[in-house]
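Just so you know, the protein sequences line up as chains A and B, in that order. Anchor point for the first sequence: position 331 equals 397 in this note's numbering, and the numbering is continuous, going up by one each time. Anchor point for the second sequence: position 146 equals 212 in this note's numbering, and the numbering is continuous, going up by one each time.
Derived from the structure by calculation, the hints contain no laboratory data. Check the hints yourself; a few may be wrong.
Same chains, same label: a pair holds when it works inside one copy or across any pair of copies.
[As the list claims (entries may be wrong)] Cross-link-like lysine to aspartate or glutamate pairs, in silico, EDC-like; alpha carbons within 16 angstroms at most:
1) Lys358 to Asp372
2) Lys206 to Asp223
3) Lys456 to Glu445
4) Lys117 to Glu226
Source: prediction; values computed, not measured.
Each chain, letter by letter, is given below.
There are 2 protein chains.
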Amino acid sequence: MERILIKDLGKHVGEVVSIKGWVSVRRDQGKMVFFDFRDRSGVVQGVVLPKSPAIETAKDVRVESAVAIEGKVNARPEKNVNAKVQNGAIELEVTGIRVLGRAEALPFDISVDGYNLDLTTELDHRALTLRHPRLQAIFKVQAVIIDSFREYMKSQDFFEFQAPAITPATAEGGAEVFQIDYFDKRAYLTQSPQLYKQIVMTAFERVFSVNKVFRAEPSATTRHITEIVSLDAEMGFIDSWRDVRDMSENTVRYILQEVGKKCAKELEFLGATLPTMLDSTPTLSLTEAQEKIFAATGRDVRGHKDLNPEDERELYEIIKKETGSDFVYVYGYPTRQKPFYVYPNPENPEFNEGMDLLCRGVEWLSGGRRINDYKQLLEHLRIWNMEPKKVEMFLEAFRYGVPPEGGFALGAERMTMQILGLKNIREATLFPRDMNRIDHRLSDVEAPDGQ
Amino acid sequence: MERILIKDLGKHVGEVVSIKGWVSVRRDQGKMVFFDFRDRSGVVQGVVLPKSPAIETAKDVRVESAVAIEGKVNARPEKNVNAKVQNGAIELEVTGIRVLGRAEALPFDISVDGYNLDLTTELDHRALTLRHPRLQAIFKVQAVIIDSFREYMKSQDFFEFQAPAITPATAEGGAEVFQIDYFDKRAYLTQSPQLYKQIVMTAFERVFSVNKVFRAEPSATTRHITEIVSLDAEMGFIDSWRDVRDMSENTVRYILQEVGKKCAKELEFLGATLPTMLDSTPTLSLTEAQEKIFAATGRDVRGHKDLNPEDERELYEIIKKETGSDFVYVYGYPTRQKPFYVYPNPENPEFNEGMDLLCRGVEWLSGGRRINDYKQLLEHLRIWNMEPKKVEMFLEAFRYGVPPEGGFALGAERMTMQILGLKNIREATLFPRDMNRIDHRLSDVEAPDGQ
Numbered sequence: 067m068e069r070i071l072i073k074d075l076g077k078h079v080g081e082v083v084s085i086k087g088w089v090s091v092r093r094d095q096g097k098m099v100f101f102d103f104r105d106r107s108g109v110v111q112g113v114v115l116p117k118s119p120a121i122e123t124a125k126d127v128r129v130e131s132a133v134a135i136e137g138k139v140n141a142r143p144e145k146n147v148n149a150k151v152q153n154g155a156i157e158l159e160v161t162g163i164r165v166l167g168r169a170e171a172l173p174f175d176i177s178v179d180g181y182n183l184d185l186t187t188e189l190d191h192r193a194l195t196l197r198h199p200r201l202q203a204i205f206k207v208q209a210v211i212i213d214s215f216r217e218y219m220k221s222q223d224f225f226e227f228q229a230p231a232i233t234p235a236t237a238e239g240g241a242e243v244f245q246i247d248y249f250d251k252r253a254y255l256t257q258s259p260q261l262y263k264q265i266v267m268t269a270f271e272r273v274f275s276v277n278k279v280f281r282a283e284p285s286a287t288t289r290h291i292t293e294i295v296s297l298d299a300e301m302g303f304i305d306s307w308r309d310v311r312d313m314s315e316n317t318v319r320y321i322l323q324e325v326g327k328k329c330a331k332e333l334e335f336l337g338a339t340l341p342t343m344l345d346s347t348p349t350l351s352l353t354e355a356q357e358k359i360f361a362a363t364g365r366d367v368r369g370h371k372d373l374n375p376e377d378e379r380e381l382y383e384i385i386k387k388e389t390g391s392d393f394v395y396v397y398g399y400p401t402r403q404k405p406f407y408v409y410p411n412p413e414n415p416e417f418n419e420g421m422d423l424l425c426r427g428v429e430w431l432s433g434g435r436r437i438n439d440y441k442q443l444l445e446h447l448r449i450w451n452m453e454p455k456k457v458e459m460f461l462e463a464f465r466y467g468v469p470p471e472g473g474f475a476l477g478a479e480r481m482t483m484q485i486l487g488l489k490n491i492r493e494a495t496l497f498p499r500d501m502n503r504i505d506h507r508l509s510d511v512e513a514p515d516g517q
Numbered sequence: 067m068e069r070i071l072i073k074d075l076g077k078h079v080g081e082v083v084s085i086k087g088w089v090s091v092r093r094d095q096g097k098m099v100f101f102d103f104r105d106r107s108g109v110v111q112g113v114v115l116p117k118s119p120a121i122e123t124a125k126d127v128r129v130e131s132a133v134a135i136e137g138k139v140n141a142r143p144e145k146n147v148n149a150k151v152q153n154g155a156i157e158l159e160v161t162g163i164r165v166l167g168r169a170e171a172l173p174f175d176i177s178v179d180g181y182n183l184d185l186t187t188e189l190d191h192r193a194l195t196l197r198h199p200r201l202q203a204i205f206k207v208q209a210v211i212i213d214s215f216r217e218y219m220k221s222q223d224f225f226e227f228q229a230p231a232i233t234p235a236t237a238e239g240g241a242e243v244f245q246i247d248y249f250d251k252r253a254y255l256t257q258s259p260q261l262y263k264q265i266v267m268t269a270f271e272r273v274f275s276v277n278k279v280f281r282a283e284p285s286a287t288t289r290h291i292t293e294i295v296s297l298d299a300e301m302g303f304i305d306s307w308r309d310v311r312d313m314s315e316n317t318v319r320y321i322l323q324e325v326g327k328k329c330a331k332e333l334e335f336l337g338a339t340l341p342t343m344l345d346s347t348p349t350l351s352l353t354e355a356q357e358k359i360f361a362a363t364g365r366d367v368r369g370h371k372d373l374n375p376e377d378e379r380e381l382y383e384i385i386k387k388e389t390g391s392d393f394v395y396v397y398g399y400p401t402r403q404k405p406f407y408v409y410p411n412p413e414n415p416e417f418n419e420g421m422d423l424l425c426r427g428v429e430w431l432s433g434g435r436r437i438n439d440y441k442q443l444l445e446h447l448r449i450w451n452m453e454p455k456k457v458e459m460f461l462e463a464f465r466y467g468v469p470p471e472g473g474f475a476l477g478a479e480r481m482t483m484q485i486l487g488l489k490n491i492r493e494a495t496l497f498p499r500d501m502n503r504i505d506h507r508l509s510d511v512e513a514p515d516g517q
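This is chain A alone, in the form it adopts within the complex:
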């Protein structure tokens, strides 16, 4: 008999059908056994009656076993209909159970309601805990975030390229870069596709990439992982950094809209509310943001070189109260505090045309306009005390006619974490790597709390 997906069972009331999936719940009520079965499409309740040929197997089969089920789709009596759950109007009267993959006894409860693990245990058992609907909901949302980024970029004529992971000695970073034994030489894992996306932009005009970046920060906070999914974009022929701001705003707006549409059930299950993005997100220079914080709180951070986490939280609260927006753009950072390629404001070169988008007080996105003039790049390399030799390929691209350009980058895990209100970025990472863990803990010593 051909397999039917669980989500389609409602179309087969009165018929004998075959489904395949996992046993989520088994409740042995003596004479009868009740089940919840799940497959990739959903969940359905099943019952094995005392006279069913499947009753012996039903008494024996363990939770999380993979099974093939035969049974009749019955409409539930009116009083048992549950409109709130999938397939709440039907029940499968099971006549056959075939075990396709046996399960051992579970080390802990992974039922929807019974699941209650600390994060360390959850990660120690990632292979099993991934079956829980909470974790499935998180990674479904993440898949939609990443795919919506690509969809929007394609709709705007951006060309997708594959950014490299292995890099030669680079001008960027230092201590926070992972080194690789590369045959008899040394190579490094990329910290950012920044220079590559700028190179590819000079040929394809508008480019994007979904790629891995690597950070060797020796830090074990709730925000640090070593391998990150970066969503990167770069565009040429802009009139000003505001074109980049607008493109990034529309990208984030589209992602939120698609998550809202495609993950309504998941958001509800996780108790998450999408952040509010206005038609036009409030946009302040760093100086204006600092003035605002001073005016509202009396705390004087005017003239500081950046916003610290406390500033970011306060700015969020001020903007939220004033406008209702969960988002705020901050632009115009001190030029010397940022990388060499960020474009200085021609009217006030002490400040640049870099920008960050904060959501609920946390940075989601950063970007801005870049320098497109070869001589200005050389001059910046000199001031930043960097060897042109180390960015030779990048510099070559800029010798030959590069228009005004800019771009932005988003971290997929951080966005997932923030949208869903998760407390630790590891919850938003399928196989999180940090200084203490790659799949398993790297030592037998107990890792710090929250690892």
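Position chain B against the provided structure of chain A, taking the given hints into account.
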């Protein structure tokens, strides 16, 4: 004036418009100057007449400069219409040229017809040569291959996950794995997401991933690069390995169809013909394939443990002649020659249910059914002399009810190379890494031919 994309100029005949792009060609004919301009959407011819206010700039501007152009869209006189090229019925009468990014003199000719570089020089100047339409066509085809893979997977209910690049000490590989300094420990770059995709499959049933894999083979052939884009899929609840075969065949068929549709111009420009895939691709066991080679050529490779490149070429020629198919599936390899997780044929356990898809004599795809029974996996680990500890997370997934399952993987660069008939995989890789090159050559010593 608002920028118009070059592909839309035909809709603006008789109007004064603004375009932005690069100077592809400049032909100074004394009184007049002719140009080809290009942007991300296409190419148009421009002419600067003697009395144009732009004539001075036109005499001065270099090829590959980034420019903003103002001009009037004129219909060409009938005799000058060229129906074969984009915008062959119009010409832009240029009245203004603004240089947005100056180009230095080019180190070599990168015009459509004049381009003629050996691959080493091409790669040494990747940042510039990427502007050539030949290279743009190659990477457009590659982007469509990768995106079509994702599209088909999504249409078949596969869940996209992010496979990790950093792995702990693994059971796979040995000498051909890149080592990373991971804080005070050692970690490795993944050779394959195989075990991770199987883990994620046990939770999501059907999964796919577009991810980087890394191969440290100390080899400098035309087929070896160290960083590869791998297209991976895995599916549960199969009835036999033939379900995996069929899914992989439909995936490849969809990719070819989309490349045909979306890259017709690129294929023509590159002189490439898509390989022929029949409604049902010829499918032979290894033993049958060896018999066929013996029967057709008299060369006796019966009983050999695998097909070598010569066998693969001959098999291709035989099948092509017999059926017209450029593709052939070969399945049923000696169990002990393949990884521990490949499913042995229950009726003849000396041979497995692994498979390869060859196109024009080269392997494109490999996959097959995997072992889903925990005890059988443990038994194989013992026979393969591998430590269960090193695949602990993988094994945990298989303790708890895994249905019959299988999957497959494709290399994006190899597919691109084969479809386009390229001679070296580096031509099909945006930033190829090999033992002698990461962007630039790793030594000043001349690399072997073809590097």
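Now the hints, each set against the structure:
1. For a Cα distance limit of 16 angstroms, the shortest separation of Lys358 from Asp372 inside one copy, 14 angstroms, qualifies, whereas the shortest one across copies, 71 angstroms, does not.
2. Taking identical chains as interchangeable, the C-alpha atoms of Lys206 and Asp223 lie at most 16 angstroms apart only when they sit on different chains, with a minimum of 12 angstroms there against 26 angstroms within one chain.
3. Taking the shortest Cα distances, Lys456 and Glu445 sit within 16 angstroms of each other inside one copy (15 angstroms), while across copies they are farther apart (51 angstroms).
4. In this assembly of identical chains, Lys117 and Glu226 lie within 16 angstroms of each other by CA distance neither inside one copy nor across copies; the values are 59 angstroms within and 42 angstroms between.
Hint 4 from the list above is the single one not met by this structure.
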